[in-house]
Each structure stands twice: as C-alpha cells, then as structure tokens.
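Trainee: Each chain, written out:
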Amino acid sequence: MTAKTEVFTEHVDVLIAGSGAAGMRAAIAAHDAGAKVVLLAKGPRRANHTRMSGGRYNAVSGFNPADSTDAFFRDTVDSGVGINNYPLTRILADEAMDRAYDLESYGLAWDRTEIKKYYMSMTGGGTFVRTLGSIDEGIGITEVMLHQLHKRGIRICDFHMLADVVQDDSGRVTGGLALDLSKGAWRYFSAGAVVIATGGTSQLYETSSGPAINTGDGIAIALRAGAELVDIEFMQFIPISFVYPPSARGYTLIEPAHYGMRHFDPKAEPAHLLNTKGERFVLKHDPVRREGSTRDILARAIMLEILEGRGTPEGGVLMHPDPQVFDAFLKERPIYIKRLLENYGEGHARLQEPIQVTPSALYTLGGVRIDPWCRCNVPGLLVSGEAAGGVHGANRLGGSSMPDIQVFGRRAGIAAAEDAREYAGGGAAQLDKARARAAALEACMQRNDGVRPPDIKKRIQKLMWDHVGLVRSGAKLTETLAAFRSLREHVLPTVKVTNKSRVLNREWMEFLELENLLDIGEAMAASSLQRPETRGAHYRTDFPALDSNWTANLIVRRHAGQLQVEKKAVVTLEKAVPAREKIAGAIA
Amino acid sequence: MPTDIKMRAEIRRYDPSVDAEPHYETFEVAGQDNWRVLDVIRSIYERQAGDLAYQFACRVGRCGTCAVKVNGVPVLACQERCKPEMKIEPLTPFPVLRDLVVDRSEIEARYEQHAYAPQRKTEYAGGPEPIDPLLAEDLCHKGSCLACMVCVSGCPAVEERAFDGPAFMLKLRHMAEHPADSGNRLEQAIDAGMLECFGCDLCTQLCPADLSPAQAIRDFRRDMIFGGSKKHE
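Protein chains in written order, with this note's numbering: chain A, 788 to 1375; chain B, -5 to 227.
Worth flagging that the hints you see were computed from the coordinates, not collected in a lab. Ideal Cβ placement from N, Cα and C applies to all residues, glycine included. Please note: incorrect hints may appear among the correct ones.
Claimed, not checked - If you only want the chain A side, here are some residues facing chain B, beta carbon under 8 Å, derived:
#, residue
1, Glu930
2, Ser969
3, Pro1241
Claimed, not checked - With a straight-line cut-off of 30 Å between C-alpha atoms, the simulated DSSO-like cross-links for lysine-lysine are:
#, chain 1, residue 1, chain 2, residue 2
4, B, Lys81, A, Lys1125
5, A, Lys1125, B, Lys63
6, A, Lys1287, A, Lys1249
7, A, Lys970, B, Lys81
8, A, Lys1287, A, Lys1245
9, B, Lys115, A, Lys903
10, A, Lys1244, A, Lys1263
11, B, Lys115, A, Lys823
12, A, Lys1118, A, Lys1054
Make the full structure from the sequences, and use the hints.
Mentor: Structure, rendered in structure tokens:
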C-alpha cells in the first residue's frame, strides 16, 4: 500500500491546528506579523471548545478599585496550589485586559452597566469581583474572531485533522501531516512553524463537558515529537453538569456560586448542594467558602457522595438554587436557562426546584510545557491554549481559560511568525516521512477482523473515569497502566474499520484518535502515580493530604517508546529563565 | 423518569463519489423518550451502521453543526426530541458530502463575502467602547446566532428566489446596529435579496437560539422607508 499512498503537499509559513480561540488568535497574530497562515479545523470550523464556554473572562479592568493584577496573579497561584509556572501566570494577569479590549475591537460587546462601564461578577475561588462576560458567551467570542480571520483572508481548512508533525533528522519540525476527513485525502503542509491549539482531552472520560472532537490529539502529537508535558496529572472537573438526557450528560452548569447571591458578593451564600439524605455535605470539605469553594474541592465532594451511595439513582446530587438570582441569571445567561427548561423543566429553569447535578471532565490543566512565547523543547513547534500546561497549576479559576487562550494564542502566533521567518529549510524535503506515516495510518482500513474503534474508546473512557478521574489510588493507577499497555499491545493492532468509504469515515477518525487517547491517558496515569499526595484536582485516597515536598511539577517525556516522569522545581518569578525575548520590540 | 420506547428511523444515505442516487435505510432503535435525535443517530452508528456519516460536536446547541431535517423540518439534531417515526435527511438546499453531512464551503464563502467584522472609520481607541448597556445586550443576542443554517434551510424565499437567507440578514443587522461599524449594511442586505423575504416569520419559529431574523429584516425595511439607521444619517 505504501507506494500508493498519495499525499498532496504545499508550503505555508505557519500551520495552525485548532479552530478554537487559541488557534484563531494565533492565526490573527501570525498573519498580522506577516506570515502566510493556514488554520486546520478538525470538524467544521465552529466545532470547538471555546464556543461551548460560558465565556466568562477574568481580567483586571480597573472597575474594581480593590483589585489589581497582583491580586489576580495571587488568586491564580493560590487556586493552582503553588505549582503554576509563575512567569506564565504573571503574563496571564498582566495581559488579560488588553486581550479583552482586542475582542471588543473585533466587535464583541461585553456586558455593561453603563455606557463606559463593564458588568462584573464572580466565579468560585477568586477573592475579588473581576469577571467580565457577554450574553453571547463563547459563541460571540468565536464568531467575532472568525470574522477577523475572514477579513484577513486567512485560509481555514475544515475537516482537516492533524495526524502528526513531521521532523527533520535534527528533530526540527518541518510541517504537519493532516487527513482531510471530507475527502479521505492526506495533505502534508510543510511549514516554518507549527502551532498546536487543538484543545484538551476531555473525551478521555465517560462523562465530559467538551466537544466530541477534544481527544487530546495535539498534546499526543507533541509528546510523540519529543515535547515535554507538565502537570498532565491534573484534570479539571466541573463540579456541576447536566445528568440527563444522554446527549447533554456532562454539559457544564458552571458553579453553585452563580445560583446564589455569592455570584455578586464574596460573603453571600452560594446555592446549596444536598445529598439524598438532605445533608449539606460540602461543609465537611470547606466550611469557610462552602459551595463557593474552588472547582476541585466541589467536584471531589460531589463525587465522593455519589461513590459512597448518597447520590440520586441517575448518579447526581441536588443543587438548591436561590430563586432571588433568577432575573439576573436570565438576563446574563439566557442560554443556560433555556437548556434547563428543555432538559429538566420549568420549575428548574426558574430556579425554584432542586437541580440534579453531577461532576464532569472539563479542562485539561496540564499539557505541553511551554515558555512565555509558547515555544516548547521541540524546535519549530509551538503550543497554546488548553493543549499547553503550566498557567493554572493544579486547579483553574472559573473565568480564566478565556483570557488564557487569548493571551497565549496571540503570543504563539507572534513567535511562530518569527520562527517561520528564521527557518531556512522547508519545501517538500520531508515528504517521504509524511507519506510513510500516512501509509501506517491506513492499515486499519484493510483489516476485516477485530474490534471497532468506538468500542475501544469506551473502554479507555471507563478506565479513566473510574481510576484516573476525581478519585485515584496507587493500586488502581498501576492496574490502569497495565490495562493501557495491554490495549496498546494486543487490541490496537487489531482495530478494524467496517466503513470502507474514505469520505467522512468516522471510524477511521476514531482510530486516529485512539492512539492519541492512549498516549495521553497513559501519561496522565503515570504522572498521577508518581504524585503521592493530594493537591488541587489530583486526589489520592492513599495519600489524602497535601505534602509540601510536592510543591513541584512532574514532567513527562517519551524516550525510546517509554514514558519518563521527572520531578522538577516550580518555576517561580525569580527562577525564571528568560525566554527568547527579541521579539518583544515587535509587539504592537 | 424517562420511559423506554422503540423508534423507527429512516435515514437518507448518499455518497456522491460512489452512488448514482440517494437511498433510504430504515433502522429500529430502542431508546428512551427523553432522547434527542442525535442520541438516536449516535446509537445507530455505534450499534448498527459503522459507515454512517453524521456531524456533531458540542451536543448542547452551541456549535450549530448537527443540523438535519427531521420529517421535513430543519432542526438541530442535538436539541430535537426523538419521535417514534423519523425520516432523517441532510439539510437542504446544500450539497451533500455524504449521508447526513453537508458541504458548508459556499456558506462560509458567504460569511466571508458579507464582511461581518466591524468596518471602523477610525481605529479602535481602547475600551470600554461607548455602547449603551441595552444596545450591548441586543448586540449580544444577535451575536449568539449559531450559523446552523436551520432558518436558511426552512426559508420559502430562499427556495424560490435569489435570497441569501435569514441568518445572513440577522448578522448584517447585527453590524448595522454596532456603533463602531460604518459599512452600508442596508445596501448589502438589499443586494443579498432581502426584499425577496415573504415576511412569513418561519425563520423565527425555527431558530434554535430563539432569535428573530424576521425582525432584523423588518428593522432594515423600516430604515429603508424612513431613511436609514441613525448612525448613517
């Protein structure tokens, strides 16, 4: 088959994988820095995680005089339990507001209380009122950005899944191999720089909030290319999500803080969470902040109630909202009220009846280890957004992913344009490597016996949910690693694709996803096993306390097919190694 | 509590690269009455037809990419409740890539051509940009259009005449009302066939995001008669 595998090839300056805000912001920045950009969307361009977000945006706007970028930085490091990459967190706090203005310049209308005054609210964990928002949420953010790409004539390739990056003998990335799912055709984009902005890995879990295409592709591709991952053991679970119907299960309902007066005042009551015995169980875990606590603590508290048999038959607990907030909630978040009405009923939508909720996999806190300009240890490869790690540490504040993907999306685009300018290689020199990889990914199409990809995906999702999710233990993590090895060695080589069409072959796409899911699942389980403590989103039943010796990061890399996990000191502001800052002068 | 039900789904199958004609295939599905059409389609893919081509991503009515026709009516598969008898077809009048998935190339070209980014006379001067809070709210409602093409698919004027369709009018109106935009959006709307609209309001009734493209068209028509929107006077 190898000889027959046809690969179309073309050259671009900057290839960007991912059509969410991190990818689009990188595209805008790289284009504005003079680069010829192509952006790959795995599905239709509007299928991305940003679009699903509530769009809350933490930034220091100046409208709360008590707040400051120092306070935002401190809140983020406190929430991240001290293992954030401090320089990245500092950049987030310092640049978030400028990027919020960028969005306004693109046409987004932030909610206002006066003509020149933004409306602000709070999310769980933060200590100051600082969160901006807009009624059109992630939809509005992605639409205004998309129109900016259109305005610049940036080419977007829908249904193009990045399969792998291609490297020269020195390890320098020379481009990306993509499968055009709409035709079943391979394309090799030779590029001066590749930006991975493919989002997170929420599809590793049975119950998840993200889009079905977030299978950690880019993180796995980077790992295979030799990149280091950081904090990959930390997966953020949103504490409350829909329990039914099946299609909506896991879709975020955000935080209990928003369903009570805590939404407006750090001292006021959040909505109460009760188990089936009527107990307000969160008080056992965080008597001070109660249901206004951080997402990690709330999600774990709910999960433990469910696991210990005090949950509803459908696998949830009951949230008792405060009907007083209904008018404000309806005005601010009409989309959520509509979903509550459709999925649950009118009493629930009016916040008059208890709402059944369950935790759900939301956000991949770890990811590829990057410097302040989103470069990683693989030359020519840049990573931004949810696929990158370090900004949020062991837990993320609600409202901080939106500024993250804007701030670092832009930085990735600027740096990628620079890397592309400096790159002397290029052309189709690595086409043979691309062709060989494409041929290998066709093998499953020829097999007639074996297991279908969706069946294996479900096995991985169950293992991750049960053992590498909210509640972990050394024994179960070891067991899971063995199960993953067995899947990789015995099951993956026997995957069959029953669909013989090359056009929009979902089984084939899922086959490509399987390797990515396994690569990241394994990295998550291995690093979880190596962290003998409980911190942020990582909870070990055999090590239930925080251990100050573990105020450190775990780095995961792959060497000769084996995962290596290494403990490293946290990068604080003092210890930060200056990144290549020569582009600093070029920043508009 | 949801109850178990049996459903019959007739799905239009077509691979333009191979098939001369589309054909319909019928599937019996055991599910529950609170299932959405998407749950039915996913169940068919997982248990009966691994070669079914269908599209979805967010499953909660946000990405707007799962729109199909159910018993002739354009809907989002993830939001539409299942029915005992369903005929599921790709969204018309768009070219089909395969089975239930349409090719959106022309749709995206239209979005690009309409230039929906604010056309600023002067550079953005930093925020907050002066926008009345109520206007900001209204802009955001128009900003939450999913671009799902449900209204375009259901529009009788699109079917018969040269009209881009309601969704495009709504987004033009969005820009017409944006204080920073200096484009002549009314002229664009007329060029895109706005006057062909019958005023039937079907787009508003079909919109999964509860928006009213019909109202956007009425507002443009009012401007046309009374001399344009305020900011262009």
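Trainee: Each hint needs a verdict: does it hold in this structure or not?
Mentor: Hints, one by one, checked against the model:
1. Below 8 Å, beta-carbon pairs count as interface contacts, and glutamate 930(A) has one with chain B at about 6 Å; its hint therefore holds.
2. For serine 969(A), the suggested interface contact is upheld, since its CB lies about 6 Å from the closest CB of chain B, less than 8 Å.
3. Because the beta carbon of proline 1241(A) sits about 5 Å from the nearest beta carbon in chain B, less than 8 Å, this interface hint is met.
4. With a CA separation close to 26 Å, the supplied pair lysine 81(B) and lysine 1125(A) stays within the 30 Å bound.
5. At roughly 22 Å between alpha-carbon atoms, lysine 1125(A) and lysine 63(B) fall within 30 Å of each other, so this suggested pair holds.
6. Proximity of lysine 1287(A) to lysine 1249(A) is assessed by CA-CA distance (about 28 Å); at most 30 Å being required, the pair is judged to hold.
7. Proximity of lysine 970(A) to lysine 81(B) is assessed by CA-CA distance (about 26 Å); at most 30 Å being required, the pair is judged to hold.
8. The hinted pair formed by lysine 1287(A) and lysine 1245(A) meets the criterion: a straight-line CA distance of about 22 Å does not exceed 30 Å.
9. Between lysine 115(B) and lysine 903(A) the alpha-carbon distance is near 20 Å, which keeps this suggested pair within the 30 Å criterion.
10. The suggested pairing of lysine 1244(A) with lysine 1263(A) holds, with an alpha-carbon distance near 19 Å, which does not exceed 30 Å.
11. Distance hint between lysine 115(B) and lysine 823(A) is fulfilled; the C-alpha atoms sit about 27 Å from each other, no more than 30 Å.
12. Between lysine 1118(A) and lysine 1054(A) the alpha-carbon distance is near 23 Å, which keeps this suggested pair within the 30 Å criterion.
Of the numbered hints stated above, none is contradicted by the structure.
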